[in-house]
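Visitor: One-letter residues, chain by chain:
2 protein chains.
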Amino acid sequence: MAEQIPRPADLETLGLSFDEDLHHARFDLTARVARHDGGLYGGTAIAASVVAMEAVTNRGALWVTTQYVATAKLGDSIELASEVLATGRKVTQVLVRGTQDQRLLFVSVGSTATPREGGLEGQYLVMPNVTPPEDNDPMILGFGRSDGFRGFTEQVEYRQARLGEKEESAPPLVMWSRLRGGRSVTPAAIAFMADMVPGAIARAAGLIGGGASLDNSLRFGRIPRDEEWILLELRGQMAIGSHAHGSVKVWTRDGALVAVGGQSANMMNMVDPKEFEGWESLGMAPPL
Amino acid sequence: MAEQIPRPADLETLGLSFDEDLHHARFDLTARVARHDGGLYGGTAIAASVVAMEAVTNRGALWVTTQYVATAKLGDSIELASEVLATGRKVTQVLVRGTQDQRLLFVSVGSTATPREGGLEGQYLVMPNVTPPEDNDPMILGFGRSDGFRGFTEQVEYRQARLGEKEESAPPLVMWSRLRGGRSVTPAAIAFMADMVPGAIARAAGLIGGGASLDNSLRFGRIPRDEEWILLELRGQMAIGSHAHGSVKVWTRDGALVAVGGQSANMMNMVDPKEFEGWESLGMAPPL
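Order-wise, the sequence lines are chains A and B.
Following our numbering, the numbering of the first sequence begins with 553 at its first residue and continues without gaps.
Following our numbering, the numbering of the second sequence begins with 553 at its first residue and continues without gaps.
Read the hints as simulated data drawn from the structure, not as lab findings.
Please read these numbers as outputs of a predicted model, since none were measured by experiment.
Please note that a few of the clues may not be correct.
Label-pair ranges, simulated between beta-carbon atoms [as the list claims (entries may be wrong)]:
#1 B:Gly758 <-> A:Ser736: 48 to 58 Å
#2 B:Glu555 <-> A:Asp689: 41 to 51 Å
#3 A:Gly674 <-> B:Arg697: 24 to 34 Å
#4 B:Glu827 <-> A:Glu706: 50 to 60 Å
#5 A:Ser721 <-> B:Arg697: 37 to 47 Å
#6 A:Arg641 <-> B:Glu564: 34 to 44 Å
#7 B:Gln712 <-> A:Phe701: 26 to 36 Å
#8 A:Arg655 <-> B:Pro560: 48 to 58 Å
#9 B:Asp778 <-> A:Glu719: 51 to 61 Å
#10 A:Asp778 <-> B:Lys625: 20 to 30 Å
#11 B:Glu827 <-> A:Gly674: 16 to 26 Å
Heads up, the beta-carbon is just placed ideally off N, CA and C, and yes, glycines get one too.
Using the sequences and the accompanying hints, generate a full structural model.
Guide: Shown next, in the form of structure tokens:
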């Protein structure tokens, strides 16, 4: 049986509701889809774009790029408008604009697709050898806030894994991630959890912290039903005058590759780990 | 001295001309920017988008995603219209639409940027060990045409390199590439040459050929002046019912990472290598 699109669990995660024609949707910027500072979390923008593309085409997401243009504040109502650019027998191409009171917040382009029977199937990469989620403690992301505001991490649990082998390049940041409440993985859920490349760029540079994402680009594979944990393999690639690029690969615990992607960011919020230890002694939580 | 933007060499490669306000540009679909079948080559669409974004912002390209919506035929005139979505002190966000007679051919989103003095600088990946361009013979791309039509490869030379080491995953396709006539590498030139992921997906699957790119997403590093050869390290990642994803890393011969990217494609044009040997005996050139 084909899954219902849009998926009810995605609507619940994002607080998203659609007009009857499925070309328009909206959500309120509440704490559970916000950044730690209350702004619009990039993962929310790309996840909502994925759901909007799937809804208007009645197909699963194949790839999406979301450009982050402006932010919004807690309580804002955010509108999504989808434009179908081309419809093929198996692939549809879509553009989504996210606005708040007609102010552009983000633009997404992407394709949804129905797999072609007898078409090419395969996976050509191997998952890194890491410790399982059960062997790792939950990570606390973002500078600790004394008011208990947790933003989107109300909905997401992250656990940093340890790598089994050394490699020639800077090691990736490997994190297990799941939605709280036993919700299973969907393309939108991956998009919601995987907006984490800036932290990996900081790590690759020997620093702690992150930056402001400029965009996120994700490409989806076949996602098993009822999968809870995913592994985010995050790599910093390079930085040029504060602007930096990195990649993400997303795996199931059985080693199936379910998404790949890339992200650029403005790396403005980093500290030296030595400096950070001082902050920790003040009772502040790690930024990433 | 800062480079002139748009770069005259890019305008020459693409046959691109701008209106005085730099928000609009156009080029004719001639053989030298076409696919082997005379259609619009994806690398041309993304390269022209890069030049359009740079021109309207007077900054170098940082990242770009181009969604390929429709094709065009030899002799068509293609218009580009750029919309600046947001301008920051160091980063500008742009959307470009490519049309032919008001028919949408492609949409590009991306950022241009001015490096921030004292901002993060670094490279966190290592180039694979490959044979230099001088040790490899030119590759002939595309099925040979008896009429001598070469499309964009009139302007680009490719040489397949050999890898120095084995790895656990399927080996990447590694190709040296340069513009003919001694022109040096620019972001647009990389975009023009690097639209080659489908061939790497076919290789990873043990097949020969390629497919129709759905999009291309590229992120640029610091590109040395007067660099001629670049190495394309191309990897197939996965395929789901004929729709597949892959990545590209672009290196100079000194091992500087100058671009990274990802691409999705519909893998429709592949043959088994055994079957292909028969075609070769008929005097046909390899598809990739």
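Visitor: Run every hint past the structure and note whether it holds.
Guide: Okay, the hints, checked on the actual structure:
1. Between Gly758 (chain B) and Ser736 (chain A) the CB atoms are about 33 Å apart, so this pair departs from the stated range of 48 to 58 Å.
2. Hint check: Glu555 (chain B) to Asp689 (chain A), Cβ distance near 50 Å, so the stated range 41 to 51 Å holds.
3. Against the hinted window of 24 to 34 Å, the Cβ-Cβ separation of Gly674 (chain A) and Arg697 (chain B) comes to about 30 Å, which satisfies the hint.
4. Remark: the range hint 50 to 60 Å for Glu827 (chain B) to Glu706 (chain A) is upheld by a beta-carbon distance near 55 Å.
5. Checked against the given bound of 37 to 47 Å, the beta carbons of Ser721 (chain A) and Arg697 (chain B), roughly 41 Å apart, stay inside it.
6. Judged by the Cβ atoms, the range 34 to 44 Å given for Arg641 (chain A) and Glu564 (chain B) holds: they are separated by roughly 39 Å.
7. Here the CB-CB span from Gln712 (chain B) to Phe701 (chain A) is close to 54 Å, at odds with the stated 26 to 36 Å.
8. About 37 Å separates the C-beta atoms of Arg655 (chain A) and Pro560 (chain B), a value inconsistent with the hinted range of 48 to 58 Å.
9. Our hint of 51 to 61 Å for Asp778 (chain B) and Glu719 (chain A) is violated, since their Cβ atoms are close to 32 Å apart.
10. A hinted range of 20 to 30 Å for the beta carbons of Asp778 (chain A) and Lys625 (chain B) is inconsistent with their spacing of about 48 Å.
11. In this structure the hint that Glu827 (chain B) and Gly674 (chain A) lie 16 to 26 Å apart at CB holds, the actual value being about 19 Å.
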